[in-house]
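Protein sequence lines, in the order shown, are assigned to chains A and L. Using the numbering used here, read the first sequence as starting at 1 and increasing by one per residue. Using the numbering used here, read the second sequence as starting at 1 and increasing by one per residue.
Hints are computed from structural coordinates only; laboratory data are not their basis. Where hints are given, some of them may not hold.
Said to hold, decoys possible - Partial pick of chain L residues on the chain A-facing surface, computed with a CB cut under 10 angstroms:
1. A2
2. V37
3. N102
4. V105
As the list claims (entries may be wrong) - In silico lysine to aspartate or glutamate, DMTMM-like type, Cα no more than 25 angstroms apart, as pairs:
5. L:K88 with A:E133
6. L:K21 with A:D95
7. A:K177 with L:D35
8. A:K236 with L:D35
9. L:K21 with A:D96
10. L:K21 with A:E133
11. A:K116 with A:E89
12. L:K88 with A:E175
13. L:K13 with A:E89
14. A:K177 with L:E57
15. L:K14 with A:E133
16. L:K11 with L:E27
17. L:K13 with L:D44
18. L:K21 with A:E256
19. L:K21 with A:E175
20. A:K177 with L:D92
21. L:K11 with A:D95
22. L:K39 with A:E97
23. L:K39 with L:E27
24. L:K88 with A:D96
25. A:K177 with L:E99
26. L:K39 with A:E110
27. L:K11 with A:E235
28. A:K177 with L:E29
29. L:K39 with A:D96
30. L:K11 with A:D96
Yeah, the Cβ is synthetic: ideal placement off N, Cα and C, and Gly gets one too.
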Amino acid sequence: MTRYPFGRHDLHPPFIPAQAGIQGPLASAPQSAALGPRFRGDERRGAGERHISALCALLLTILSMAITARAAEIPLNERKSGYDFMGPESRAMQDDETANPASLWVLDGEALWQRKAGAADKSCADCHGEASESMKGVAARYPAFNAARGRPVNLDQRINICRTERQQATPLPLEGKELLALNAYVARQSRGMPANVTIDDRARPFFEAGRATFYRRQGQLNFACSQCHDDNWKEKLAGSPITQAHPTGYPIYRLEWQNVGSLQRRLRNCISGMRVENYPLGANELVDLELFLMWRARGMPMESPAVRP
Amino acid sequence: MARTLINVPPKAKKGEVIAIKTLISHEMETGYRHDNVGKPIPRDIITQFVCTYNGLEIFRADLFPAIAANPFISFFTVATASGTIEFKWTGDNGFSQTETANITVE
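Put together the whole structure using the sequences plus the hints.
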């Protein structure tokens, strides 16, 4: 069987110009009448050729029908974590906390939890006490709706809200070592607990926006997240498994980064790979997408901080 | 001070083979990269790791620019006597860090 870079779903909608809205000779191919005056006016074409072109049109119609039957959402019982796609060495590294490099960030986060900061001269622990108690399950619920902001916020943003409003300190820079360390420490307290974001009436519009982003074809490649992560997760891309995009292990230690990084960093990786004009770190669109992805992974156990290749 | 994570079994039987695992946070900047204005980023790596068991050297490793950030080093030794296992990382720009772990051998 011939293998194409994107596997058997190679002829998926991005390559159907009619649907993609691309102008070109193929765009009007299914409607053979619209082949253009140049062809219709060609007197040299005989009956046989007309027959062939009719047949081609029929084939294209059948083909486009087959293509419209795109793979649906992944059934709940077929969902896999990125962990399931990894090799045994990477799994062992994640499972052994003394070998998981993200443990270094968790230890830093533990120290930061106790450190007083800002004009209020308060530490996280002064309000929240023992993180092992107060932060248990918290990361599994994020992004969560924040009434003051009127929209969902992710865990990084929640930490910075505490920092600016409770500690009266400057917000920690996104993707900086300190914020990642605090996030890793908080998220560590939810390890093994099921992902459990709340989609209520207030959160729903943002959730739907995230869902729309996931299914929207965009960028130079006219590509949607779903085309890899829903439709082609059994396939490989450049030799690496395409995973199902269940973000249950963030922040992750990514071996390629040689560093811990947030889900937004990972999303921005994918988005630039899709050749889409990227969203800046902290963008609302990314938070909405995070919310949708966490809902999509609902019930799956949290692995934070995970190791990924 | 770099953050380290050391795993030595607190107790072992005499003659038992024990696994020792160490992890240290370090950039391991190779010296081959350039910043966004094209200026070379100077090398900053750990160059050596030495482990001693009650003063006796039991393991040594030289590290090079191709070794990833946050080096994880794991090795085995025989539990001979109760005492202290000392770990020392040294590197560029005067980097030096020492950690110890205690082991009870019965």
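Results of checking the hints against the structure:
Taking 10 angstroms as the C-beta cut-off, the interface hint given for A2 of chain L holds, the closest approach to chain A being about 9 angstroms. With a cut of 10 angstroms, the hint placing V37 of chain L at the interface with chain A is violated, because the nearest CB-to-CB distance is about 21 angstroms. A hinted interface residue such as N102 of chain L counts as satisfied when its beta carbon comes closer than 10 angstroms to some beta carbon of chain A; here the least separation is about 16 angstroms, so the hint is violated. Checking V105 of chain L against chain A: minimum C-beta separation of about 21 angstroms lies over 10 angstroms; hint violated.
The straight-line distance between the Cα atoms of K88 of chain L and E133 of chain A is roughly 36 angstroms, outside the 25 angstroms bound, and the hint therefore fails. Straight-line distance between C-alpha atoms of K21 of chain L and D95 of chain A comes to about 14 angstroms, which keeps the hinted pair within the 25 angstroms bound. Between K177 of chain A and D35 of chain L, the direct Cα distance comes to roughly 19 angstroms. Compliance with the 25 angstroms bound is thereby established for this hinted pair. Of the pairs offered as hints, the one joining K236 of chain A and D35 of chain L is violated, with about 33 angstroms between alpha carbons and a cut-off of 25 angstroms exceeded.
For the given pair, K21 of chain L sits about 10 angstroms from D96 of chain A by alpha-carbon distance, which is consistent with the 25 angstroms threshold. Our distance criterion of 25 angstroms between C-alpha atoms is broken by K21 of chain L and E133 of chain A, whose separation comes to about 29 angstroms. Taking the CA atoms of K116 of chain A and E89 of chain A, the gap is about 39 angstroms. The hint is violated against a cut of 25 angstroms. At roughly 30 angstroms between alpha-carbon atoms, K88 of chain L and E175 of chain A are farther apart than 25 angstroms, so this suggested pair is violated.
A C-alpha spacing of about 29 angstroms is found between K13 of chain L and E89 of chain A, which places the hinted pair above 25 angstroms, so the restraint is violated. Restraint check: the Cα-Cα separation between K177 of chain A and E57 of chain L comes to about 35 angstroms, which exceeds 25 angstroms; the hinted pair is violated. For the hint linking K14 of chain L to E133 of chain A, the alpha-carbon distance of about 39 angstroms lies beyond 25 angstroms, and the restraint is violated. Between K11 of chain L and E27 of chain L the alpha-carbon distance is near 33 angstroms, which puts this suggested pair outside the 25 angstroms criterion.
For the given pair, K13 of chain L sits about 40 angstroms from D44 of chain L by alpha-carbon distance, which is inconsistent with the 25 angstroms threshold. Between K21 of chain L and E256 of chain A, the direct Cα distance comes to roughly 22 angstroms. Compliance with the 25 angstroms bound is thereby established for this hinted pair. For the proposed pair K21 of chain L and E175 of chain A, the alpha carbon gap of about 28 angstroms is over 25 angstroms, so the pair is violated. Among the hinted pairs, K177 of chain A with D92 of chain L is consistent with the structure: their alpha-carbon atoms are about 22 angstroms apart, no more than 25 angstroms.
With a CA separation close to 22 angstroms, the supplied pair K11 of chain L and D95 of chain A stays within the 25 angstroms bound. Between K39 of chain L and E97 of chain A the CA atoms are separated by roughly 37 angstroms; this puts the pair beyond 25 angstroms, and the hint is violated. Note on K39 of chain L and E27 of chain L: the hinted pairing holds, with a Cα-Cα distance of about 18 angstroms set against a maximum of 25 angstroms. Under the criterion of a C-alpha separation no larger than 25 angstroms, the hint pairing K88 of chain L with D96 of chain A is consistent with the structure, at around 23 angstroms.
Restraint check for K177 of chain A and E99 of chain L: the C-alpha separation of about 23 angstroms stays at or below 25 angstroms, so the hint holds. At roughly 36 angstroms between alpha-carbon atoms, K39 of chain L and E110 of chain A are farther apart than 25 angstroms, so this suggested pair is violated. For the given pair, K11 of chain L sits about 47 angstroms from E235 of chain A by alpha-carbon distance, which is inconsistent with the 25 angstroms threshold. With a C-alpha separation of about 16 angstroms, the suggested pair K177 of chain A and E29 of chain L falls inside the 25 angstroms cut-off, and the hint holds.
Distance check on the hinted pair: K39 of chain L and D96 of chain A sit about 39 angstroms apart at the alpha-carbon level, beyond 25 angstroms; violated. Straight-line distance between C-alpha atoms of K11 of chain L and D96 of chain A comes to about 19 angstroms, which keeps the hinted pair within the 25 angstroms bound.
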